[in-house]
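Going line by line, the protein sequences match chains X and V. Every letter in the first sequence is one number past the one before it in my numbering, and letter 326, counting from 1, is 326. Every letter in the second sequence is one number past the one before it in my numbering, and letter 43, counting from 1, is 43.
Simulated from the structure, these hints should not be mistaken for laboratory data. Misleading hints may appear alongside valid ones.
[To be verified] Heads up, simulated DSSO-like pairs for lysine-lysine below, C-alpha to C-alpha not over 30 Å straight-line: (1) V/354 / X/411; (2) V/354 / V/280; (3) V/280 / X/411.
[Stated by the list, open to error] Label pairs and their in silico Cβ distance ranges: (4) X/165 / V/259: 28 to 36 Å; (5) X/379 / V/259: 22 to 30 Å; (6) V/131 / X/351: 40 to 48 Å; (7) X/400 / V/27: 43 to 51 Å; (8) V/305 / X/386: 34 to 42 Å.
Every residue gets a Cβ at the ideal spot worked out from N, C-alpha and C, and that includes glycine.
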Amino acid sequence: MSELDEASVRSEVRAWLEANWDPERSLREWRERLADSGWGVPTWPREWYGRGLRLHLAKVVHEEFTRGGAVGAATGVGMGLAAPTLLEHGSDELKRRLLRPILTGEHTWCQLFSEPGSGSDLAGLTTRAQFDGEHWLVNGQKVWTTSAHHARYGMLLARTDWDVSKHRGITYFVLEMQQPGVEVRPLRQMNGHASFNEVFLTDARVAPDNVIGEVGGGWTVALATLAHERGMAALRGSAIPGEGRTRREYREELDHVMAPYVWYPQRAGRADLVIGRTRATGRGADPVLRDAIAQLHALVRASEWTQLRAAAARAAGRPPGAEGSIGKLCSSHIARAAAAVHTRIAGADAMLAGADSPLEGLIAEILLSVPGQSIAGGTDEIQHNILGERVLGLPKEPAVDVGRAFRDVPKNVER
Amino acid sequence: MRFSFSDEQQELRRVVRRFCEERSPRAEVRRLMESERGYDPSTWRQLCDELGLAGVHIPEAFGGQGFGFAELAIGLEETGRALLCAPFLSSVAFAATAILEVASETEKQELLPGIAAGTTTATLAFAEPAGEWTADGVSLTARAAGGELRLDGTKSFVPDGCTADLIVVVAREPGSAGDEGLGLFGVAGDAPGLARRSLATLDATRRLARLDFESVAARPLGEPGSGAPALARVQALAAIALANEMVGGAEQALDSAVAYAKTRMQFGRPIGSFQAIKHKCVEVLLEVELAKSAAYYAAAAADEGDPELGALAAIAKSLASDAFRKAAAENIQIHGGIGFTWEDDAHLYFRRAKSSEVFLGDAGFWRQRLADELGVGRDE
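For reference, chain V alone in the conformation it holds in the complex (with noise of 0.2 Å):
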């Protein structure tokens, strides 16, 4: 199923999409962007209670739905389409998709249900402020102290940081460098030591946290050491995810900018009947279009065990980035000067492509990662 979707899946597609369009319309995004919190709780709640969509990809052992992967990127796309304000691409796609891989069976029966029933949300923090999504990123270290595992460090850019209950927390062993000793864990949003700050975002539909840890008790989810690898993993299915929600707002940008082009009327004619603005809809269309392949495809890929799945989620985030940032853009400028007033909303998605682009990495860092897996530039 890498290149249709089943008619189950169209269904989940459309539910979504309505719930989005009823609860999430553009002047709710506005208020919540305005908003303490973010997001509206009581809207959460129904996309949980109604839709189930905090379980999707969770298996029903652990209180989700049992779905997959590719079910959970077409949340995503719709979610992102609309720029619903909710802890979903944190607690959901990564947080919950980390847990799922690394930890232990005990683990994930005591974790996943509250996530699943969105009554806990989570997050994962990987960053730190140098913002570094890779191995040699991270510094924040786990050590043995009487028995217990406390962490001291900085992370940053963590998504719904200063809201999640539980943050999975990306750490190494104290004096271990690179690939070595790394691992994932998990600490109580309101742990002892846990400084939590709000950073002022651009995007104010993205809330980011830097996360100051003094001692703060944590706990080892999976076996300590499985750490590169299994991080790797998390990494690109993180990135699939992401990849996924910026393709919805891709489109929602084109469509935006389409819908424009055949109403303005300049010169006696709609602009979009000039081929100066139709043929830049169409190089918008082209990039958006490889940019859902490539998305549709690792997601699914993401389901079957692929072990290209690095280079799949390198190709998806990729090509996502370099699309959002285009189509958000390119609506812009159509719209012209309408375009670049506060009223309008095309800087919402202008904000969303510009903080989606960086965020875990963008095109540049995930090309040279594709290189990499390519085998480009290794010795042979």
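Next comes chain X alone, as it looks inside the complex (with noise of 0.2 Å):
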């Protein structure tokens, strides 16, 4: 059955393609043509631009597209990110207005989620959202947005109870970014990059059917959200190699998208790097440095058997135990691990930067990079109380924040 289906839906795929790529059509035209059809996004209802496909068919789909060199939906926040959250909680009229330019790449996005007060506490935010009879006017400061400087929308949690617990005040907002009330600044990071910005936000306007879910209930949409954010790297799309107009816009269009992530590979350790810098300086007669870089070694292989232990059991039905947990936290072991190997293979040289630092500076940008690895997407400390409970099942703190009304909460911020 399912051979039959998979059989059935590649050969219609790849008569679709046939008759209508060419990659001498403007993205924009392409991607028009995708929503028409519905083979841009597969999995998504075909009342809204796919096909209802299954994930196993849908990567039917993709890799017709790849064997073409055809190039896909749009990628990166709006993608990722809005648009299921909007497929699972939004409003028919606001799916009418907001799926299409997402899918065609029209519209970028970001997520206005984290404040400087609330961190790790993303339900302890205290942006304030309040209906003015017309409009929600929201004030308050957002932080960590990837893209937000372009962007045509941002998803936006903010208070708009304050007299009931945390997580039941919050409402799911669209923000529309090009307005007076919204101000958008770099905010630099101490390897030196900009990825990310801050965000003010001081009397601005959402109309009230830009709402997602119910007022009061955005935390429940919240977490739709975070649960696609874990698939975003897989979303991010690469690029399509040959000839043509559309392929050439789609590069043009993949750098912007990936321009913030430039340096993840460093914050990640660059493991790779070591055997080839331990040979390139001599140092690998170090008894020290030899020990480190093989412990670095059986982590980054362990951590993959581990990750693939994990696949294993899901291919096969079952839920992976602990070893579909621990990736989060191994990466930040790699990362401080790596670091340190670099540090011993440069020696003195680790006091450089820039073009006087090894590699043209990027030992400098690694050791200046993995701090960023614990914290992003998730502290360590976060991590293991994740883990503690519910993997090994130990018994949660006693909170002091929920049951009473979020006002009387003490705060970094009071608004």
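Each chain sits in its own coordinate frame; assemble them with the hints.
Here's what the structure looks like:
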């Protein structure tokens, strides 16, 4: 049954690509065709530009696109986070207005969740939204917002009720970014890059029909977005080689979308460079370095095998145990271990930066990017709590911030 | 099958685990720790007769069950979890594996059926009093004397060395050095000229012996001079086997710590609700899971003739050494005062962890090996 489906999907998409794919179209024109046909987002429902296909059949579609060198739907925050959230919780009116331009790449999005006063404790956010009878007026500050400076819309969490418990007073809005009440400033990181922004909201206006889900029900919607955030890496596109206007415009789009992430490999520690660097510097006889390199290598390999154990369990239809949950923590350990090894290899050169630093500044960038690995996407400490409670079944700490009005909860900033 | 277990393998795990729960509860382990022999022959009989575990990875042609190294590893993980007192590691995982690697068909036909049935127990004598599991560490000699081979020298840290019927001895030709002239030899446990002395061990569930050889008659196993590469393989397989036994013990220590953290109340709440304890448990979990992944992968690789075996053994043993030590130590710490008592079982795992950590070479030793395998420090 499934084989028959696979074959029929494959032949159908292949025939459609043969009839429609023309690398000389503009990217926009091509994406409009994708939206009309449903082949750009095959897992989405038929009524919303998709074909309602299960994941394994969508993979077949993807394979055919790759085989033919055809460009797919847009990538990035809009596609990865906003669209699935809208599909799950948005009103039909919002879906009608917002989904198609996400798919075509016409509109880019950003995520306005984290705040200076609420990092690990996202639900403790204090950005305020008040209804003035006509619009919601939003005041507060958001941070760590990728691509805010060119985004058309933001997924915004704001507090609309201060007299209920923290999770129940939050509402999920679609914020128009191009308006006077929204000020975007780049945020410079310790490694010198500015991949993120701070967003200042001063009486920023949101129309009442730009609420996703219920007023006060934003936490549930936020959880849907956060669930998709894990799969984001998979949604980042990769360049398609070959000639033609569509591919060229796609590469330009991709460069734009991927620009904030150029230093991410360095953040992970670049364990892949270690052996080459050891040989190049002739330091391989140092037993302390050899021990550290071997330890790093063991960690990297065992971490990969652990991911593969989890994948095998999922493929066999079994829920993975602990092996499915430790990847994030492993990546922090690897990053730190790799940075320590790079430091030992570099020796005194580890004091240098830029062109004077080894590999034209790459080693310095590794050393200054690694501290982000154990913070971004959930700190190691939060990961420890999650693993301790969900995998090992250890009891939670007594909470002091739930079951009382959020107004009365101690916080960093009073608004 | 490097990342998952088949239904058949999981069934094997369940059977061995049930056996250990029934026949090797902690009270029984404590009884055997005090005993002369160190294990209960009737339990060993049962393990061999009912489960066929002594022949698990020995081919059917030599009287075994015909499964692979991966199944052996499952057996070791479960017996390690229970601290089962039995010559399983020494006789099956070490000696039978060594014979399978180096011996001729005729020798296998002669030696393996007894080991597979459990009626013969064997062991591997590698290290000497200096405690080095390297070619350079082998100084015991095998010399030809009137058409016979005679062994002279001393072996130490030989597991179950006082009780084994057959001892597989690593020896070298007189006058040879380094990787040259190495070979494996079979010696009867009661051979004239062999003096066996039981060593007082930190881990009483792991019996070690010192063996003094004075012109002891021996038989060569396999081709003479097959030496260093065969020995390296035997050593890698032994380390992989031990690593699998160790991750069973490490996981048990973690489970014990977590169970206690859920029930022990202080300051009006279970201590596992405090992040100081919770996070400690997760750090152990992380190391244990990584060590398990490496041990499983290496065991499966052994069945597939992976050319990377030396590196995989190094990864598996170094991670297992660190993970088991940490799991056992933190189990005591999380138990607090009671964990430091003789009455509590935490020290039994601590002892096993410490003993296994250094047995066949500690984490640092294997990491230096791994660095060699990775080509670090070699001239290009």
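Name the hints, by number, that the structure is in violation of. 1
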